[in-house]
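Listed below are the residues making up each chain.
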Amino acid sequence: MADSQATIVEAEVQNPELRHHFADMEQQKNAASLGMWLFLVTEIMFFGGMFCAYLVYRTSHFAALAAGSQTLDIKWGAINTAVLIVSSVTVVLAINAIQHGKPRTTINYLVITVLLGLVFLGIKSIEYTNKFEEHHVPGAGFHFTGTFDDNGKQIPVAENEVQLFFSLYFAMTGMHALHMIIGIGIMTTLAVMTWKGRFSAQYYTPIENAGLYWHLVDIIWIYLFPLLYLISRHT
Amino acid sequence: MASAAIPANSVPGTKTNYLTNGFSLKSWLLTTDHKRIAILYLISVTLFFFLGGFFAMLIRLELLTPQGDLMQADTYNKVFTMHGMIMVFFFLIPVVPATLGNFLVPLMVGAKDLAFPRINLLSWYLYVIAGGLFLHCMLVGGVDTGWTFYTPFSTAASNTHVIEAGLAVFIAGFSSIFTGLNFIVTVHRMRAPGLTWDRLPLFIWANYATSLIMILGTPVVAITIVLVAVERIFHLGIFDPRLGGDPLLFQHLFWFYSHPAVYIMILPSMGVISELITCFSRKRVFGYKFVALSSIAIAVIGFLVWAHHMFVAGISLYAAMIFSFLTFFVGVPSAIKVFNWTATLYRGSISYTTPMLYAFGFIGLFTIGGLTGLFLASLGIDVHVTDTYFVVAHFHYVMVGGVLMGFLGGMHFWWPKISGRLYPEGWARLSALLVFVGFNLTFFPQFILGYVGMPRRYWQYPDEFQVLNVLSTAGASVLAVGYLLPMIYFLWSLRYGELATANPWNAAGLEWQTSSPPPTFNFDETPVVTWEAYNYDEIDAHPQEVPVGR
Numbered sequence: 001m002a003d004s005q006a007t008i009v010e011a012e013v014q015n016p017e018l019r020h021h022f023a024d025m026e027q028q029k030n031a032a033s034l035g036m037w038l039f040l041v042t043e044i045m046f047f048g049g050m051f052c053a054y055l056v057y058r059t060s061h062f063a064a065l066a067a068g069s070q071t072l073d074i075k076w077g078a079i080n081t082a083v084l085i086v087s088s089v090t091v092v093l094a095i096n097a098i099q100h101g102k103p104r105t106t107i108n109y110l111v112i113t114v115l116l117g118l119v120f121l122g123i124k125s126i127e128y129t130n131k132f133e134e135h136h137v138p139g140a141g142f143h144f145t146g147t148f149d150d151n152g153k154q155i156p157v158a159e160n161e162v163q164l165f166f167s168l169y170f171a172m173t174g175m176h177a178l179h180m181i182i183g184i185g186i187m188t189t190l191a192v193m194t195w196k197g198r199f200s201a202q203y204y205t206p207i208e209n210a211g212l213y214w215h216l217v218d219i220i221w222i223y224l225f226p227l228l229y230l231i232s233r234h235t
Numbered sequence: 001m002a003s004a005a006i007p008a009n010s011v012p013g014t015k016t017n018y019l020t021n022g023f024s025l026k027s028w029l030l031t032t033d034h035k036r037i038a039i040l041y042l043i044s045v046t047l048f049f050f051l052g053g054f055f056a057m058l059i060r061l062e063l064l065t066p067q068g069d070l071m072q073a074d075t076y077n078k079v080f081t082m083h084g085m086i087m088v089f090f091f092l093i094p095v096v097p098a099t100l101g102n103f104l105v106p107l108m109v110g111a112k113d114l115a116f117p118r119i120n121l122l123s124w125y126l127y128v129i130a131g132g133l134f135l136h137c138m139l140v141g142g143v144d145t146g147w148t149f150y151t152p153f154s155t156a157a158s159n160t161h162v163i164e165a166g167l168a169v170f171i172a173g174f175s176s177i178f179t180g181l182n183f184i185v186t187v188h189r190m191r192a193p194g195l196t197w198d199r200l201p202l203f204i205w206a207n208y209a210t211s212l213i214m215i216l217g218t219p220v221v222a223i224t225i226v227l228v229a230v231e232r233i234f235h236l237g238i239f240d241p242r243l244g245g246d247p248l249l250f251q252h253l254f255w256f257y258s259h260p261a262v263y264i265m266i267l268p269s270m271g272v273i274s275e276l277i278t279c280f281s282r283k284r285v286f287g288y289k290f291v292a293l294s295s296i297a298i299a300v301i302g303f304l305v306w307a308h309h310m311f312v313a314g315i316s317l318y319a320a321m322i323f324s325f326l327t328f329f330v331g332v333p334s335a336i337k338v339f340n341w342t343a344t345l346y347r348g349s350i351s352y353t354t355p356m357l358y359a360f361g362f363i364g365l366f367t368i369g370g371l372t373g374l375f376l377a378s379l380g381i382d383v384h385v386t387d388t389y390f391v392v393a394h395f396h397y398v399m400v401g402g403v404l405m406g407f408l409g410g411m412h413f414w415w416p417k418i419s420g421r422l423y424p425e426g427w428a429r430l431s432a433l434l435v436f437v438g439f440n441l442t443f444f445p446q447f448i449l450g451y452v453g454m455p456r457r458y459w460q461y462p463d464e465f466q467v468l469n470v471l472s473t474a475g476a477s478v479l480a481v482g483y484l485l486p487m488i489y490f491l492w493s494l495r496y497g498e499l500a501t502a503n504p505w506n507a508a509g510l511e512w513q514t515s516s517p518p519p520t521f522n523f524d525e526t527p528v529v530t531w532e533a534y535n536y537d538e539i540d541a542h543p544q545e546v547p548v549g550r
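Those protein sequences? They're chains A and B, same order as listed. In this text, residue positions in the first sequence follow my numbering: the first is 1, and each later residue adds one. In this text, residue positions in the second sequence follow my numbering: the first is 1, and each later residue adds one.
Here chain A stands alone, though its shape is the one from the complex (with noise of 0.2 Å):
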């Protein structure tokens, strides 16, 4: 017990973060990183069971999907995809600062990166204050017009099927949400962990694995904008 004792606090005089049972930091950081990487291969897995039920709807149930698909509002979507891709940006920004050994750079760009992640979530409820109005929240307040060619012809379709499309999209678009309003906390986290030196050059592999989540929360929003909003514009 005494000779494993001496041999940790060798070990920690190297680097305060390295954690007892790894060798040297470069076998924690690939831990970590490796681990993170899993994680993300979850929320895949995750979001994939909602994306296949989308696949089998959007194939059974054509018509009704894309006549809901048409009342989602692309300007709102385009707005927020744009935010989501720029706050990636600012996050690899923050991650290169601490690289480079400017905390106070780092904490600037998290900042930004929460804020253009709050643009998104307030954008993302007017959405549903819309749909809310619109009567398109599925439940018993449920109704829908229907679409109309461009004859103004009414195309009918069943109202419940259309039901089907708001529910996948409360479904996906919430659940993307509420990642984003986890990664929001964490970011703010990272922020006052940096304020308070607990980041370096040698060490900021936290800041890190919470930037692969933010690229992924982003990732799974390029492919709901297009599979929710733009799909059936055509005519």
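Incorrect hints may appear among the rest.
[What the hints assert, rightly or not] To give an idea of the chain A side of the interface with chain B (calculated C-beta under 10 Å), a few residues:
{"#": "1", "residue": "His-20"}
{"#": "2", "residue": "Gln-27"}
{"#": "3", "residue": "Gln-28"}
{"#": "4", "residue": "Asn-30"}
{"#": "5", "residue": "Leu-34"}
{"#": "6", "residue": "Leu-38"}
{"#": "7", "residue": "Gly-139"}
{"#": "8", "residue": "Val-162"}
{"#": "9", "residue": "Ser-167"}
{"#": "10", "residue": "Phe-170"}
{"#": "11", "residue": "Met-175"}
[Said to hold, decoys possible] Partial selection, computed: residues in chain A whose CB lies under 7 Å from chain B:
{"#": "12", "residue": "Phe-46"}
{"#": "13", "residue": "His-61"}
{"#": "14", "residue": "Pro-138"}
{"#": "15", "residue": "Leu-164"}
[To be verified] A short list of chain A residues far from chain B (calculated; beta carbon distances all over 12 Å):
{"#": "16", "residue": "Leu-115"}
{"#": "17", "residue": "Glu-133"}
{"#": "18", "residue": "His-135"}
{"#": "19", "residue": "Pro-156"}
{"#": "20", "residue": "Glu-208"}
Calculated from the structure, these hints are not laboratory results. Small disclaimer: the values here were computed from a predicted structure and weren't measured. Yeah, the Cβ is synthetic: ideal placement off N, Cα and C, and Gly gets one too.
Using the hints, position chain B against chain A.
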């Protein structure tokens, strides 16, 4: 050969080990030591095992007579649902990986701990939270959907506590994901110098394959259960045919995880059996690479067979034929294991210790369970026996006859390492015998019952089925005694058992080279591996040169 240092001062009781490193409750509840977390898991899964067993006894008591005289249909539905959910989600899935796996994976790869010790502890807490939630759900009235949560019954018809049970399963799923993630990273990044992939113990390969399924499959059942809950709360229509949804989609998503989950349960036990067979026939395992890669093959092919649970649910005939073929195909790697274990036994110096008795039991029962699985994979026979006791008997042969035999065999094998004490061999052999006899008496009659047409999930049955049901209930009582005995003598041995040396079985494997019980950081010096796995021929030929612990 003898490059791994043998600790000079590893006499049990004379130096601090993981059990004596702190005695306070806090030192256990806030520990990040994988060995202590394994013990915490062991205690909690054992509690759930006996709870699930209690429900099993209620089922068997009700089925003692043809009439519904102990309970009525609604209660019976809840009882078999509780039995299934507890046994599947709170016992079978975590039992081997979270207890033996947690304890042994770092030891076997020569690491000080798992890669993420705090996530490991979090995983146990998630399990406890999920278990507590499920117990609460049970106490306020339970759930009656069957462990499969089939829609639209679970979303639109059942008026029991589906959401709470679903939430418990969801959280337990994350506990399992974290265990799997930890194992994969540990095996990739924390192996001792010289411990190459083709020198890894087969138990590690098995747990690695299990972990792959855990991280790829569990998120899918998690989102599926979220969708069921959301549908119940907000009346979405994702699985509701009245709103355009499709209940079959639920079954696809559910079985995409829940069939591979069967391999989450059985693979670690197969890993245990590989360790036992080699040690107690004093031989290298026959065809190491095939046994190792068959675990990976089971994990991969196991993901492609899920729809065999849905042959009569209305999937297309062509899909059914493909899934039938793939189901036969997944039998191949399982058969490789059974054949290679048998070939390992051939001309080995076999000793009939308790762990070996369990290994023999495993091979026999798993073979019956696996072969009847092929009956069920055949489209024609499946129509005849679907939803009968044939299916019940089949999966109990795999789940109880396989998983539990492996777990008990492993518990006996590694008990000296875990506790530092030897268990009483005579009592242990008696209980192994009781388990084997009791198990067959319980479940073999159910094959016959199912084949002659007794449907599952009914609380009463026609009089002509009674004789076989009485046999089954009698067997369940013997089985219960067989499970209670180890519980008693393991606890007894903690105080009165003979002190164990570092390597009482003279076994290969790094875990036997440190003291029993191991120190908190497992090894006084990081071992360096220069030998192949299961080098029993070298150990027995040169007992002085090969490191086998004290």
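Now for the hints, and whether the structure bears them out:
no. : hint    : in the structure
1   : His-20  : holds, 7 Å
2   : Gln-27  : holds, 6 Å
3   : Gln-28  : holds, 9 Å
4   : Asn-30  : holds, 5 Å
5   : Leu-34  : holds, 5 Å
6   : Leu-38  : holds, 5 Å
7   : Gly-139 : holds, 5 Å
8   : Val-162 : holds, 8 Å
9   : Ser-167 : holds, 4 Å
10  : Phe-170 : holds, 7 Å
11  : Met-175 : holds, 8 Å
12  : Phe-46  : holds, 4 Å
13  : His-61  : holds, 6 Å
14  : Pro-138 : holds, 5 Å
15  : Leu-164 : holds, 4 Å
16  : Leu-115 : holds, 29 Å
17  : Glu-133 : holds, 17 Å
18  : His-135 : holds, 14 Å
19  : Pro-156 : holds, 15 Å
20  : Glu-208 : holds, 16 Å
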